[in-house]
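Peer 1: Sequence:
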Amino acid sequence: MRISIFGLGYVGAVCAGCLSARGHDVVGVDISSTKIDLINNGKSPIVEPGLEELLQKGISTGKLRGTTDFAEAIRATDLSMICVGTPSKKNGDLELDYIESVCREIGYVLRDKATRHTIVVRSTVLPGTVANVVIPILEDCSGKKAGVDFGVAVNPEFLRESTAIKDYDLPPMTVIGEFDKASGDVLQSLYEELDAPIIRKDIAVAEMIKYTCNVWHATKVTFANEIGNIAKAVGVDGREVMDVVCQDKALNLSQYYMRPGFAFGGSCLPKDVRALTYRASSLDVEAPLLNSLMRSNTSQVQNAFDMVASYDTRKVALLGLSFKAGTDDLRESPLVELAEMLIGKGFDLSIFDSNVEYARVHGANKDYI
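The numbering of the sequence shown is the UniProt record's numbering, which starts it at 1 and goes up by one.
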């Protein structure tokens, strides 16, 4: 396949090396003549183990070259990958100037290009960016229609610096966000040689998947650090604790509890979160992530109430009252909390739970309600 790659930083340079090594004709594009000179001399513009060897192979076989000429690169290829940076603004939002600039350059060239071209966004962008920024610029500058005259797709990368070559060759998955089926087909044909499942979704889902993965990784690091800090304060080896925690592949490292839904409850989770965060506070150990759990959980109940209140009805059926299905345990059930909120605001509430009979409620359950 003939591929142009815009932006020869940590993502673009790796993609250029890996794709050219697999026999594709690759044109690397960057505004930096220094980077282009390095590429054309088989030198890596970044520090990444194994990359320079791939670049040298690409140059020596004629499968890779670099240029600062955007227009020539687009005319010479059938697919363009956008790999430019999307740095943070001071307010935390994304800086999209580089994305917008590349899209304008591509759009102007597409205006006079007779053959179909596919534009693939590999840069990390928030959901809605391709639909609301990338496609409008491409259409405006080209005078053509996305999905008809040219293709658009999102292909988030999961490359880690220092292991990027291995990550490219052995990805956990390949995610394709397609604006049109033809673009998805093109990308699928590009990645079929990799031993990884190919997952095709719409563009916004693909954009969100990338952020979800990165935020999840950040959450794991923060969680482990906070547990380690608390463990140290109570005289326990946090690494030893986490080593055992990670051996549980049934619950701890699994798909369980990883689907959006309602709040957690029951006799264990709320109590234990409060106890551990209280102990951390008493030991002057900061644990902002752990401290946020109960607040976040409460907001899920509030979200459910707000959703019910948004409908034009005062009669509500609540199917379930225990903290989860298959039990009669009402202790700290978020559904009990929701029921109390609805009744308190004057809703006519009917409750059904096949496992809960009021006449049989006793002990801790009766005390709770």
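To be clear, the hints were calculated from the coordinates, so they are not data collected in a lab.
One should not assume that every hint holds.
[Stated by the list, open to error] In silico DSBU-like links for lysine-lysine, alpha-carbon gap of 35 Å or less:
1) 201 to 181
2) 90 to 271
3) 201 to 232
4) 63 to 166
5) 249 to 220
6) 43 to 232
7) 57 to 232
[As the list claims (entries may be wrong)] The following label-pair restraints were derived from C-beta to C-beta distances:
8) 97 to 147: 24 to 30 Å
9) 1 to 31: 36 to 42 Å
10) 326 to 191: 37 to 43 Å
11) 324 to 205: 24 to 30 Å
12) 1 to 214: 41 to 47 Å
Being a predicted model, the structure only gives us computed values, none of them experimental.
Using N, Cα and C, we set each Cβ at its ideal position, and we do this for glycine too.
Peer 1: Compare the structure with each hint and give your call.
Peer 2: Now for the hints, and whether the structure bears them out:
no.: 1; hint: 201 to 181; in the structure: holds (10 Å)
no.: 2; hint: 90 to 271; in the structure: violated (38 Å)
no.: 3; hint: 201 to 232; in the structure: violated (44 Å)
no.: 4; hint: 63 to 166; in the structure: holds (21 Å)
no.: 5; hint: 249 to 220; in the structure: holds (15 Å)
no.: 6; hint: 43 to 232; in the structure: violated (46 Å)
no.: 7; hint: 57 to 232; in the structure: violated (50 Å)
no.: 8; hint: 97 to 147: 24 to 30 Å; in the structure: holds (26 Å)
no.: 9; hint: 1 to 31: 36 to 42 Å; in the structure: violated (24 Å)
no.: 10; hint: 326 to 191: 37 to 43 Å; in the structure: holds (42 Å)
no.: 11; hint: 324 to 205: 24 to 30 Å; in the structure: holds (28 Å)
no.: 12; hint: 1 to 214: 41 to 47 Å; in the structure: violated (28 Å)
In summary, the structure is inconsistent with hints 2, 3, 6, 7, 9 and 12 from the numbered list given earlier, while agreeing with the others.
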